[in-house]
Amino acid sequence: MIGEQQILELLRRVAGRSPAERTELVFIGGRSGLTRYAKSAIHQNVSEEDTLVYLRVAEGKRLGVVTVNKLEEEELVRAAAQALELAQRQPENPFFEDFPQPSSYQKTETYFGTTAEFTPAARSETMKKIFAQAARMGFEVSGAFSSGEGEVAVVNSNGVAAYQPVSHAEINVVPISSEGMSRSGAFSHDVKSIDFERVAAKALERCALNRNQQELPLGQYDVILEPGCLAEVMMWMGFIAFGSNAFIEGRSFLAGKLGERSMGENITIYDSFLEPEAQGLPFDFQGSPRQKVELIERGINRGVVFDSLSANQAKVQPTGHGLPPGNPYGAIPLNVCLQPGESSLEQMIASCERGLLVSNFHYVNGFLDPKKAVMTGMTRYGTFLVEGGKIKHAVKNLRWTESMLRAFSNVQAISREREVMGDEAVGFAIMPAVYIKDWTFTGVQKE
Amino acid sequence: MQTKEWLKAALDDLSRSGVEYADGRHLDRETERITVRNEQVAGLSRKSNSGFGIRVLYKGSWGFAASSRATEADVMRTARHALEVAKASHLTQREAVKLDGSRPQIGSYSSQFAVDPFDVPLDNKLELLFSALKILRQDKRIGVAEGSMNFFRTKKLFVSTEGAEISQSILESGAGIEATAMGDGDVQTRSYPTSHGGDYAARGYEFVQSLSLVENAEPTREAALALLAAEPCPAGTKDLIIDSSQLVLQVHESCGHPTELDRALGTEISYAGGSFLTPDKLGDYRYGSKIVNIYGDATVPDSIGSFGYDDEGVPAQRFPIIQEGMFVGYLTSRETAPVLGLMSSGAMRAESWNHIPLIRMININLEPGDQNLSLEDLVADTQDGILVATNKSWSIDDLRLNFQFGCEIAWEIKNGKRVRVLKNPVYTGITPQFWGSCDAICGRSEWRVWGLPNCGKGEPPQTMHVAHGTAPARFRNIEVGVSK
Numbered sequence: 006m007i008g009e010q011q012i013l014e015l016l017r018r019v020a021g022r023s024p025a026e027r028t029e030l031v032f033i034g035g036r037s038g039l040t041r042y043a044k045s046a047i048h049q050n051v052s053e054e055d056t057l058v059y060l061r062v063a064e065g066k067r068l069g070v071v072t073v074n075k076l077e078e079e080e081l082v083r084a085a086a087q088a089l090e091l092a093q094r095q096p097e098n099p100f101f102e103d104f105p106q107p108s109s110y111q112k113t114e115t116y117f118g119t120t121a122e123f124t125p126a127a128r129s130e131t132m133k134k135i136f137a138q139a140a141r142m143g144f145e146v147s148g149a150f151s152s153g154e155g156e157v158a159v160v161n162s163n164g165v166a167a168y169q170p171v172s173h174a175e176i177n178v179v180p181i182s183s184e185g186m187s188r189s190g191a192f193s194h195d196v197k198s199i200d201f202e203r204v205a206a207k208a209l210e211r212c213a214l215n216r217n218q219q220e221l222p223l224g225q226y227d228v229i230l231e232p233g234c235l236a237e238v239m240m241w242m243g244f245i246a247f248g249s250n251a252f253i254e255g256r257s258f259l260a261g262k263l264g265e266r267s268m269g270e271n272i273t274i275y276d277s278f279l280e281p282e283a284q285g286l287p288f289d290f291q292g293s294p295r296q297k298v299e300l301i302e303r304g305i306n307r308g309v310v311f312d313s314l315s316a317n318q319a320k321v322q323p324t325g326h327g328l329p330p331g332n333p334y335g336a337i338p339l340n341v342c343l344q345p346g347e348s349s350l351e352q353m354i355a356s357c358e359r360g361l362l363v364s365n366f367h368y369v370n371g372f373l374d375p376k377k378a379v380m381t382g383m384t385r386y387g388t389f390l391v392e393g394g395k396i397k398h399a400v401k402n403l404r405w406t407e408s409m410l411r412a413f414s415n416v417q418a419i420s421r422e423r424e425v426m427g428d429e430a431v432g433f434a435i436m437p438a439v440y441i442k443d444w445t446f447t448g449v450q451k452e
Numbered sequence: 006m007q008t009k010e011w012l013k014a015a016l017d018d019l020s021r022s023g024v025e026y027a028d029g030r031h032l033d034r035e036t037e038r039i040t041v042r043n044e045q046v047a048g049l050s051r052k053s054n055s056g057f058g059i060r061v062l063y064k065g066s067w068g069f070a071a072s073s074r075a076t077e078a079d080v081m082r083t084a085r086h087a088l089e090v091a092k093a094s095h096l097t098q099r100e101a102v103k104l105d106g107s108r109p110q111i112g113s114y115s116s117q118f119a120v121d122p123f124d125v126p127l128d129n130k131l132e133l134l135f136s137a138l139k140i141l142r143q144d145k146r147i148g149v150a151e152g153s154m155n156f157f158r159t160k161k162l163f164v165s166t167e168g169a170e171i172s173q174s175i176l177e178s179g180a181g182i183e184a185t186a187m188g189d190g191d192v193q194t195r196s197y198p199t200s201h202g203g204d205y206a207a208r209g210y211e212f213v214q215s216l217s218l219v220e221n222a223e224p225t226r227e228a229a230l231a232l233l234a235a236e237p238c239p240a241g242t243k244d245l246i247i248d249s250s251q252l253v254l255q256v257h258e259s260c261g262h263p264t265e266l267d268r269a270l271g272t273e274i275s276y277a278g279g280s281f282l283t284p285d286k287l288g289d290y291r292y293g294s295k296i297v298n299i300y301g302d303a304t305v306p307d308s309i310g311s312f313g314y315d316d317e318g319v320p321a322q323r324f325p326i327i328q329e330g331m332f333v334g335y336l337t338s339r340e341t342a343p344v345l346g347l348m349s350s351g352a353m354r355a356e357s358w359n360h361i362p363l364i365r366m367i368n369i370n371l372e373p374g375d376q377n378l379s380l381e382d383l384v385a386d387t388q389d390g391i392l393v394a395t396n397k398s399w400s401i402d403d404l405r406l407n408f409q410f411g412c413e414i415a416w417e418i419k420n421g422k423r424v425r426v427l428k429n430p431v432y433t434g435i436t437p438q439f440w441g442s443c444d445a446i447c448g449r450s451e452w453r454v455w456g457l458p459n460c461g462k463g464e465p466p467q468t469m470h471v472a473h474g475t476a477p478a479r480f481r482n483i484e485v486g487v488s489k
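The listed protein sequences correspond, in order, to chains G and X.
End of the first sequence = 452 in the numbering used here, gap-free, step of one.
End of the second sequence = 489 in the numbering used here, gap-free, step of one.
Certain hints may be false.
[Stated by the list, open to error] Below, computed lysine-lysine pairings styled on DSSO-like, alpha-carbon distance capped at 30 Å:
hint, chain 1, residue 1, chain 2, residue 2
1, X, LYS145, G, LYS134
2, G, LYS320, G, LYS297
3, G, LYS44, G, LYS112
4, X, LYS428, G, LYS376
5, X, LYS9, X, LYS145
6, X, LYS103, G, LYS44
7, G, LYS66, X, LYS145
8, G, LYS197, X, LYS92
Source of the hints: derived by calculation from the structure; they are not laboratory data.
From just these sequences and the hints, can you work out the full model?
And the structure:
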């Protein structure tokens, strides 16, 4: 870790020496390690340290971006001059007014020294225990365990100076038998908060159920989707529906339809960096304060996320969801949450006369018909037939093709408990389990 | 180059510390990305990125460490950290890694180009893109017109404790345009020359010029508008003709990925998945019909799937994967090939300095058919079928068996003629059944290599530039139109 003072001073000095009218610097740096294992042995083990600095400069309404992965002051000043040269050769961006002004940010707890100090040997020792735990049940496990620390800082010539240290620990445990697989995982900024034995036990217990898979006829089934399924769907929803560009360009189902109903009354989807289960960055990559944004409220289309440029284009206020400079994607929600309900996974299974319990999805794609949020994907890591309120047996993985607008209009129950699924340090989804009527299955995994 | 000497000194230090093998890679990459949308520059950035990574094999266990700080002290410190990581891996070792006997190489490689895109003034690039977009936007129903260009210059150095010393320089260029038409609550996109950012080659700016983006803007716009008025592709079982650009995705997902030997051996199972092409099937499994021949080939000129040496220092090779429909070969590495008694096929590639090499696709090419059929010959020979073009969506299961692809556009074929445009075409199938139904592949004149710069694999995720040579082909009795 370089530290807040040293990073902010360096970025301020470069902003002060930049030849451009206005200058913004985004720093993303840190070190991280990742241990991958298969068949209960480590087969890849990597460690890296890097520092990226994005320099975005403005000359009038012209913008230029240069990115370097060096920290020498002279190199950064040279990069600012290159960014200015790029800006001067571009047409004006009518939606650019200024970089954000200084703000105060909410405090979030995203850094834990114990996570930062977690060594490759500590990851290996953790894995040894999980391998032994799996062996006692006759399984081998595959997966990955990563940990690391980083720093994010944004400085601009208006006086913005934002800094946030982050740490992350994430584990993915996939037990494998000759008959099937399962998965369980955990994500936290604090490695000490992860109960590794419990994570492994959950996956092992599910793997024991995933045997003697039978093929089911295709068609519509009630489904109980566990949180991992929804995290993948919501990642796509962020891209095709809840982002600024999809909305402004009319590709999103929310475009021109704010205030209209698109989902059931029991569905509320929002983006929030400050939840009881997890906390994220309190500012975006432009230094704007990150806000909680209602995307769908009780089934009604409420809004999407914006950065400063896309907000000007849409004539609304920015929500603090800017991505690192130079990208063409506009603003994207990074912390999508589905509001919990009152049910539990056990209650959903008990209430299901005939349906499928789905542990995870695989390879979801949301480009089929974005206006209707039609997606396809496979089930993975355990799909089970539920009859008369009980899990009857495992079934072969199935392909599904379904409109998420239709599906989220058919939600019968939502669990109280939610799970955090992380993506390194700053992105996460917090999802409950849901019971959905009449989900459409269109194919099966077979040779 | 100082870094080379520091890397060699660090490898010597590791050898003295008892490692059986180590290699060091330094990479320096310059990138320019331009995206224009309607009348604006939506994204424009230049990036320079460099650093080094050191891979260590200690008592049969791997460790890897990488840093963007490349002073002499940092190189030595990072090498020692890589050894620490390898020692941590060793704590759980069940079987020691053994490398094949590939001979260490000393050499260099450079891709060829005529015009360095980094020397072309930005004004010229923007003018070309905006000229194409102006034509795309001549109809008000085109809500979004987009164009992009991307350029990469990569300089790599590889040294190993076995004495390898390789330098490579690769320049890549890519570009494309797309028109999104909107009306009556519908959104339809048509792109040129293909979707997801266009086509890519290991050439200079002359490749972008050869794409004739401006000249192809009008037909692209008209196709997008035609899709707005088109009927959806009806569901049913049809003979399916797949154009060259969509067949790229089909080869990529249903042949390229399942023939990566690390997947087949189970080391990718918990993330991207495994493979139905397990080692017991090698040489004795019918993957497709007798006319299906697929090669791995890292020597194709001007392709982004080509190089001189892979990131383990193994020379580029050409080898069969599917021969007359039979599964005969894998993409392999120095670690995995000996498991099957083979030598590496030279397919280990790392996205950058901070990634370890993994088995990645190179150019995975479907060979053209024997008879010199054109696409129109194939249409004329089809009584009741669907012709699909240009990828829109993709999904395949974790063993690479059940797939579903969506395309931008389709044409209904009746009695050997295209009779109408159809929108939202989707087709689905099971890989060996699907390739088993292939009864015609167009000839060399229709064969083309397409660059695909966004193949994802591994943890942490790595994005690789790969390519596929394909010609349009026909598949009998395929399920189409399953989209809800």
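| field | Violated constraints from the hint list, given by number and in increasing order | value | 1, 3 and 5
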